[in-house]
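*Asks:* Just so you know, the protein sequences line up as chains A and B, in that order. In terms of my numbering, the first sequence opens at residue 1 and continues consecutively. In terms of my numbering, the second sequence opens at residue 1 and continues consecutively.
Bear in mind the hints are in silico, worked out from the structure with no lab data behind them. Glycine included, C-beta positions come from ideal geometry on N, C-alpha and C. It is possible that some hints are incorrect.
The list that follows gives simulated cross-link-like pairs (lysine to aspartate or glutamate, DMTMM-like), each with its CA atoms no further than 25 angstroms apart [to be verified]: (1) Lys152/A / Glu216/B; (2) Lys127/A / Glu95/A; (3) Lys186/B / Glu84/A; (4) Lys186/B / Asp113/A; (5) Lys127/A / Glu27/A; (6) Lys127/A / Glu115/A; (7) Lys186/B / Glu77/A; (8) Lys181/A / Glu84/A; (9) Lys152/A / Glu27/A; (10) Lys152/A / Asp113/A; (11) Lys152/A / Asp129/A; (12) Lys119/B / Asp184/B.
The calculated label-pair distances, taken between Cβ atoms and stated as ranges, are [stated by the list, open to error]: (13) Gly137/A / Ala261/B: 53 to 59 angstroms; (14) Leu282/B / Gly164/A: 30 to 36 angstroms; (15) Leu74/B / Leu168/A: 34 to 40 angstroms; (16) Leu157/B / Arg26/A: 45 to 51 angstroms; (17) Ala273/B / Val126/A: 40 to 46 angstroms; (18) Phe158/B / Gln130/A: 19 to 25 angstroms.
Just a sample of chain A residues kept apart from chain B, beta carbon distances all over 10 angstroms, derived [said to hold, decoys possible]: (19) Ala71; (20) Asp96; (21) Phe103; (22) Phe121; (23) Lys127; (24) His195; (25) Leu232.
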Amino acid sequence: MLLEIDGLNSHYGRIHALKSASLTVREGELVALVGANGAGKTTLLRTLSGVHPASSGMIRFDGCDITRMRASRRVAEGVVQVPEGRQLFGPQSVEDNLRLGAFRRGSGRPAEDLERLYALFPMLKVKRDQPAGTLSGGQQQIVALARALMAKPRLLLLDEPSMGLAPLLVAEIFDAVQRLKREGTTILLVEQNAHAALAIADRGYVIETGEIVLSDSGAALLSNERVRQAYLGL
Amino acid sequence: MFAELLQYMLSGLTIGAIYALAGLGFSIIYNASHVINFAQGEFIMIGGMASATLTASGVPLPLAILIGCGGAMLVGVLVAKFAVERARNASTVTLIIITIGASIFLRGVAELVWGKDFKRLDAFSGETPIQLMGASMQPQSLWVVGCAAVLIVAIGLFFNRTLTGKAMLATSHNRLAAQLVGIDVKRVVLASFALSAALGAIGGAVVAPITFSYTEMGIMLGLKGFTAAVLGGLGHGPGAVAGGLIVGVAEALGAGYLSSAYKDAVAFVIILAVLLFMPNGLFGKRGTERV
Chain A
1 MLLEIDGLNS
11 HYGRIHALKS
21 ASLTVREGEL
31 VALVGANGAG
41 KTTLLRTLSG
51 VHPASSGMIR
61 FDGCDITRMR
71 ASRRVAEGVV
81 QVPEGRQLFG
91 PQSVEDNLRL
101 GAFRRGSGRP
111 AEDLERLYAL
121 FPMLKVKRDQ
131 PAGTLSGGQQ
141 QIVALARALM
151 AKPRLLLLDE
161 PSMGLAPLLV
171 AEIFDAVQRL
181 KREGTTILLV
191 EQNAHAALAI
201 ADRGYVIETG
211 EIVLSDSGAA
221 LLSNERVRQA
231 YLGL
Chain B
1 MFAELLQYML
11 SGLTIGAIYA
21 LAGLGFSIIY
31 NASHVINFAQ
41 GEFIMIGGMA
51 SATLTASGVP
61 LPLAILIGCG
71 GAMLVGVLVA
81 KFAVERARNA
91 STVTLIIITI
101 GASIFLRGVA
111 ELVWGKDFKR
121 LDAFSGETPI
131 QLMGASMQPQ
141 SLWVVGCAAV
151 LIVAIGLFFN
161 RTLTGKAMLA
171 TSHNRLAAQL
181 VGIDVKRVVL
191 ASFALSAALG
201 AIGGAVVAPI
211 TFSYTEMGIM
221 LGLKGFTAAV
231 LGGLGHGPGA
241 VAGGLIVGVA
251 EALGAGYLSS
261 AYKDAVAFVI
271 ILAVLLFMPN
281 GLFGKRGTER
291 V
């Protein structure tokens, strides 16, 4: 088991945003977490990355308890997040954004990875000297994804990668996610776009008002009556 | 006529270089932590006092400057760790009051250690004035301007060429994203205080032969540095440098052509005008980023 979350609670002030959530991700799996706006998806990822504190419960990554580990160390351990809304270093160049993605890797070989990502997403190479903040939404999402890949994630956390993008770009982003999975990256994908997420996921969890209410294989959730009514509008 | 103007310009640029360093210090700390550190002037004072008193007791000048610089950096880190970091979630005004408190405390400690009187530091390479087209210049002015220029270029290279510098910049652009790529933002804040303290202390040491050192020398230099930073656009490094030079020259011209009684008033008129008419400063960002 690469990631084990057990009875995790998290608060924003007096708001109980995450209520005893439990979830697991195995090595190589693509797990989707779907739910409505405000259900607690982003809180779960923020707590996983250590930028929001857990009130109680346990996060175990590759056998180690990381519940209280500081955010920067978790990145070094391989828990890397692509945050909601891209969150690029706007005034800095695309290439600087990517290099900063490899910040925790120290002397490694970021140059080689940079070339690999340029080959994978040729747009990055064209725009590499431009301030990241001047790119379009879809391009920024690709920069955010590539920046996270520069960290050599063992577990990639994706928060709403399709949010605010045109349908064509959504397809492109999901293609990239599937390709990463095929290459062996373990992914926890958080999406409001439940249909697209569950369609490519091995397994899925449904979260409602801070509680995980359903979990099953992606396909089974897609045909689950309750999911279809609540999230797929069918 | 021209010689007079040149004379004022030269002395303005000399003191302006120190304002530029102080302004850069304000901007570096502001970028990393959104704190306006009013103890910046005290870093200058520590540099000036340490180098003056240490050389007086026989320590070679370069070593004295180095010790002063190290001491100021340590003080900077302590201020960050025990005064600023503890109040992480406090409002901006509270944080400003905390740094003002820290500056008063540092002045008090300096008075206990060094006493109240003026300390003299010999000019680094003699006192024979250099004649330049009718104006005369202290050789120490060249030291001040030269050291400031070297430091400013070094800081520029650090922030634009090294990964550590880029990481510090990135933290100012987006704190959340910085954490998510694994930058330890607390250490960035500590580093920013250390860096600003070093800039201030070296500035204080090179300017000490011109201004003399005393425990309250940091008050005015710090406020002028703040003016420089605001004039250039708070958080904008090159802006702070330009701001410092402008404030220095404006002050020297004001003192020369109006009355030296107005010397300090010039900087404060500038800061009032900036706050009233262009609060973003000369180069500050105007919030046109795409989201």
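*Asks:* None of the hints should be skipped; say for each whether it holds.
*Replies:* Right, here's what the structure says about each hint:
A distance of roughly 52 angstroms separates the Cα atoms of Lys152/A and Glu216/B; the hinted pair therefore is violated under the 25 angstroms criterion. Our distance criterion of 25 angstroms between C-alpha atoms is met by Lys127/A and Glu95/A, whose separation comes to about 8 angstroms. The suggested pairing of Lys186/B with Glu84/A holds, with an alpha-carbon distance near 23 angstroms, which does not exceed 25 angstroms. Restraint check: the Cα-Cα separation between Lys186/B and Asp113/A comes to about 28 angstroms, which exceeds 25 angstroms; the hinted pair is violated.
For the suggested pair Lys127/A and Glu27/A, the alpha carbons sit about 34 angstroms apart, so the restraint of at most 25 angstroms is broken. Proximity of Lys127/A to Glu115/A is assessed by CA-CA distance (about 14 angstroms); at most 25 angstroms being required, the pair is judged to hold. Proximity of Lys186/B to Glu77/A is assessed by CA-CA distance (about 19 angstroms); at most 25 angstroms being required, the pair is judged to hold. The straight-line distance between the Cα atoms of Lys181/A and Glu84/A is roughly 20 angstroms, inside the 25 angstroms bound, and the hint therefore holds.
Restraint check for Lys152/A and Glu27/A: the C-alpha separation of about 15 angstroms stays at or below 25 angstroms, so the hint holds. For the proposed pair Lys152/A and Asp113/A, the alpha carbon gap of about 9 angstroms is at most 25 angstroms, so the pair holds. This hinted pair checks out: Lys152/A and Asp129/A have alpha carbons roughly 23 angstroms apart, not beyond 25 angstroms. With a C-alpha separation of about 40 angstroms, the suggested pair Lys119/B and Asp184/B falls outside the 25 angstroms cut-off, and the hint is violated.
Judged by the Cβ atoms, the range 53 to 59 angstroms given for Gly137/A and Ala261/B holds: they are separated by roughly 57 angstroms. For the pair Leu282/B and Gly164/A, the supplied restraint of 30 to 36 angstroms holds, since their beta-carbon distance comes to about 34 angstroms. Leu74/B and Leu168/A have their C-beta atoms about 56 angstroms apart, which leaves the hinted 34 to 40 angstroms range violated. Range check, Leu157/B to Arg26/A: about 46 angstroms between beta-carbon atoms, so the 45 to 51 angstroms window is met.
Distance hint check for Ala273/B and Val126/A: the Cβ-Cβ separation is about 44 angstroms, which falls inside the suggested range of 40 to 46 angstroms. In this structure, Phe158/B and Gln130/A meet the distance hint of 19 to 25 angstroms, their C-beta atoms being roughly 23 angstroms apart. Look at Ala71/A: its CB is around 4 angstroms from the nearest CB on chain B, not clear of 10 angstroms, so calling it non-interface is violated. Non-interface call for Asp96/A relative to chain B: violated, since the shortest CB-CB distance, roughly 5 angstroms, does not exceed 10 angstroms.
Residue-level check failed: Phe103/A sits 5 angstroms from the nearest beta carbon of chain B, not beyond 10 angstroms. The claim that Phe121/A lies off the interface holds: its Cβ sits roughly 18 angstroms from the closest Cβ of chain B, which is beyond the 10 angstroms cut-off. For Lys127/A, the condition that its CB be more than 10 angstroms from all CB atoms of chain B holds, with the nearest at approximately 13 angstroms. Distance check on His195/A: its Cβ is at least 26 angstroms (rounded) from any Cβ of chain B, clearing the 10 angstroms threshold; non-interface status holds.
The claim that Leu232/A is not at the interface with chain B holds, since no C-beta of that chain comes within 10 angstroms of its own (minimum 29 angstroms).
In this structure, the earlier hints numbered 1, 4, 5, 12, 15, 19, 20, 21 are contradicted, and the remaining ones agree with it.
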